[in-house]
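Novice: Listed here are the chains, written in short residue letters.
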Amino acid sequence: MSNKDEILEKKVNDSKKVINEAFDRFPLENLAITWTGGKDSTLTLWIIRQVCQERGIKVPKCMTIDEGDPFPEIEKFLKEWSTKWNIDLEICRNEDVLKAANYKLGATVKVKDLNERNQAEIKRIGYEEDEFPFEAESYVGNHLMKTVVLNQFIERNNIKAIFQGLRWDEQPARRKDEYFNFREGGELTPAHTRICPILHFTERDVWDTIFKYNIPFCELYKQGYRSLGAKTTSKKLSDIPAWEQDLEHTGERDGRRQDKEKAMEKLRKLGYM
Amino acid sequence: MPDIISPGTKRGIPGNIEMPLAIERLPNGNTLIADAGDEAGFGSEIIEIDMVGNIVWSYNEGLRFAHSGRRLKNGNTLITDTTNNRLLEVTPDKRIVLNSDEWGNGTGKLSDGSHLHYPNEAFELEDGTFLVTDRNNDRCIQVDREGNVLWSFDKEVQHPHNANPLQNGNILISDSDGNRILEINRNKEIVWSYGDGNIETLWWPRSAIRLENGNTMITDSKNHRIIEVSPEGEIVWKFQTEHIDKFYITHATKDDTFLIACTDGHHQVIEVDRAGNIVWLFRNYRRPFPIYSRLTNGFFKEIDEDGLPKHWILATRLSEGGGKLIWDKENKPRPCPGLEFDRSGALFLQQAIKVKAGEVYKVAAEIKTIDVKGSAAVHIDFFDAYGGSLYHVITEMPSGTLFTGTNDWTLDSFEAKVPDRSTYAELRLFLNDKGKVFIRNLMFHKV
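Chains as they are written, first to last, in my numbering: chain H, 1 to 273; chain B, 1 to 447.
Only chain H is shown next, with the shape it has when bound in the complex (with noise of 0.2 Å):
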């Protein structure tokens, strides 16, 4: 076995002492999981399902979130896994907001036409105007569909842990994150705590452990998509397949990461502070 094999089969272990942890220190029933359909969450996914076959349980419950702006590809890549895995994926939605904009892209938003909940979830977090465009840019926007969708799910379902597919050279504020991160509960937001079991993995060992254990992955990727979320936001870097891109010289989500270090260095060098 090459070295590389052993490499990714210690962090493909490391990743199952971190769910047999959170199988130990929570009930099945108050997990669930994350699933975007995008390569880290699938991965993750596929790591939790071979912890569960080796525990003979059934794997938690996994939730997906419709921004109101999907990948086709997406939505058939989880339909077609979640079938053939025996997976319950709950597609959990704002229906209120996606009204208030009715269902298209770019609409404006009044906020006194979303419901109550929605209205002290925009006090709560600060926004000061009277309306906002339902797109992927809007802070608010982004709020309202994901966050309070996540939050509301983890209160419906009393789910007390939930996996995450992140890695910390996502970005470099990742790089302090723990595996076991408990978030307070507070205004609107349940108490939870979040697991990522494969933090340690880059981008590169990713796409390795995908295909050294042939793991599906959504066609977007091959189209040379290198990072999934919604569809007016991802754009592609290049025409080549993701795993073919300069991966460790080029970011996942931006190009330009040798300014930044000059950046900083030029800030590090500050006199004062």
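Hints are computed from structural coordinates only; laboratory data are not their basis.
For each residue, glycine too, the CB sits at the ideal point set by N, CA and C.
Don't take every hint at face value.
Short, incomplete list of chain H residues facing chain B, as computed with Cβ under 7 Å [claimed, not checked]:
hint: 1; residue: 125
hint: 2; residue: 126
hint: 3; residue: 128
hint: 4; residue: 133
hint: 5; residue: 137
hint: 6; residue: 139
hint: 7; residue: 185
hint: 8; residue: 264
hint: 9; residue: 266
hint: 10; residue: 267
hint: 11; residue: 268
hint: 12; residue: 270
Chain H is fixed; fit chain B onto it per the hints.
Specialist: Only chain B this time, still in chain H's reference frame:
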């Protein structure tokens, strides 16, 4: 109505020590302190206090970010008025008897045609001339009272601090950007040095003094420690505090104790003995700015009488002058604020908000930049109950995207966990170096 946890004190109250940068125990037992002032550029002053903390003398007229005040043999006080790029000598009754602005027929120019640029230290030499550390000209010079440059050391050092004369006639100088301490002789030869350029050894050393025992006491500012180094380069003693203190200068007293300026770490001057005990302390700090219970005016709808967004502070602490708050008047539905800067350093638009350790916050804002040479970003600095930042350097603070160059409006958001011991946060837009940055729709909420 904004919910204010702590209103902040009036700006520029005499004796409110925000950022002590130079200290000296006088022969009469009093202590002379140069206070650079608060982060908005107010409150710079030189004060003399007695052993029980009474302010017995002070001078503040026109000072901007003054770095040093030294008592002369004639009883006057020599001041480096740093951001004003000048040297002042003032009498006990506060008359200015020397102002370097008057040199060169009122141009402020020295005999070599140059102008002081961000001077941070000046000592009187035996012959009555001055040894001046002229930071942004990367040199230390000897000048007479008429501005004639008699000697200059302008090689080897980058952004030097605190050049001071030794008894043997040599000069000890902190090469801050070079992370070294140099002892140079009158022939400009390096006869002793400490530091190999690595930040583990010395990181932005800010002062060094030669002790009677022949060792050198170095203020290793960004490593947050004071170290005593033997002539052979061994560390034989050190002092550190538990929190992240910003030590900027050390002064040896006749009693074998050390006065240390703890700048904006905890805004105080401490006296430490050889056992590491704090045997005397002067702290007279009241925060000049309010702390809010939550982000207030994050959409910049309200404007105050100075034309600044209400409840926001334009902080110029890291700037070397210049820079201003600007408005994008074309922005819809209303103008939004921004920062414009034209030199090295940084400017901040900031607000302090109460937080609790362990909480996680999310910050979101839309940012636009124009020709930013360094970088611009939203970041958070967390502070302990004494007003000391919990971070060593700006790059450790939780931050959003660092924007460089020109970018159209971009939504940026990030999360930050409140570290142990923090009691409030400062949420800031910053701009490093030349360019413009604008901000709108800023939100800060618990997740």
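Novice: Work down the list of hints and note, for each, if the structure agrees.
Specialist: Hint check:
1. Taken as an interface hint, residue 125 of chain H checks out: its beta carbon lies about 4 Å from the nearest beta carbon of chain B, inside 7 Å.
2. Satisfaction of the interface hint for residue 126 of chain H is found here, the shortest Cβ-Cβ separation to chain B being roughly 4 Å, below the 7 Å cut-off.
3. The interface hint given for residue 128 of chain H holds, since its Cβ lies 4 Å from the closest Cβ of chain B, which is under the 7 Å cut-off.
4. Taking 7 Å as the C-beta contact cut-off toward chain B, the hint placing residue 133 of chain H at the interface is violated, the least distance being around 11 Å.
5. The interface hint given for residue 137 of chain H is met, as the beta carbon of that residue sits about 5 Å from the closest beta carbon of chain B, less than 7 Å.
6. At its closest, the beta carbon of residue 139 of chain H sits 4 Å from a beta carbon of chain B; the interface hint therefore holds under the 7 Å criterion.
7. At its closest, the beta carbon of residue 185 of chain H sits 10 Å from a beta carbon of chain B; the interface hint therefore is violated under the 7 Å criterion.
8. Evaluation of the residue 264 of chain H hint against chain B yields a held restraint, the C-beta minimum of about 6 Å falling below 7 Å.
9. Interface restraint check for residue 266 of chain H: the shortest CB-CB distance to chain B comes to about 5 Å, inside 7 Å, so the restraint holds.
10. Satisfaction of the interface hint for residue 267 of chain H is found here, the shortest Cβ-Cβ separation to chain B being roughly 5 Å, below the 7 Å cut-off.
11. Nearest Cβ of chain B to the Cβ of residue 268 of chain H: about 5 Å, under the 7 Å cut. The hint holds.
12. Because the smallest distance between the Cβ of residue 270 of chain H and any Cβ of chain B comes to about 6 Å, under 7 Å, the interface hint for this residue holds.
When the structure is compared with the earlier hints, violations turn up for hints 4 and 7 and for no others.
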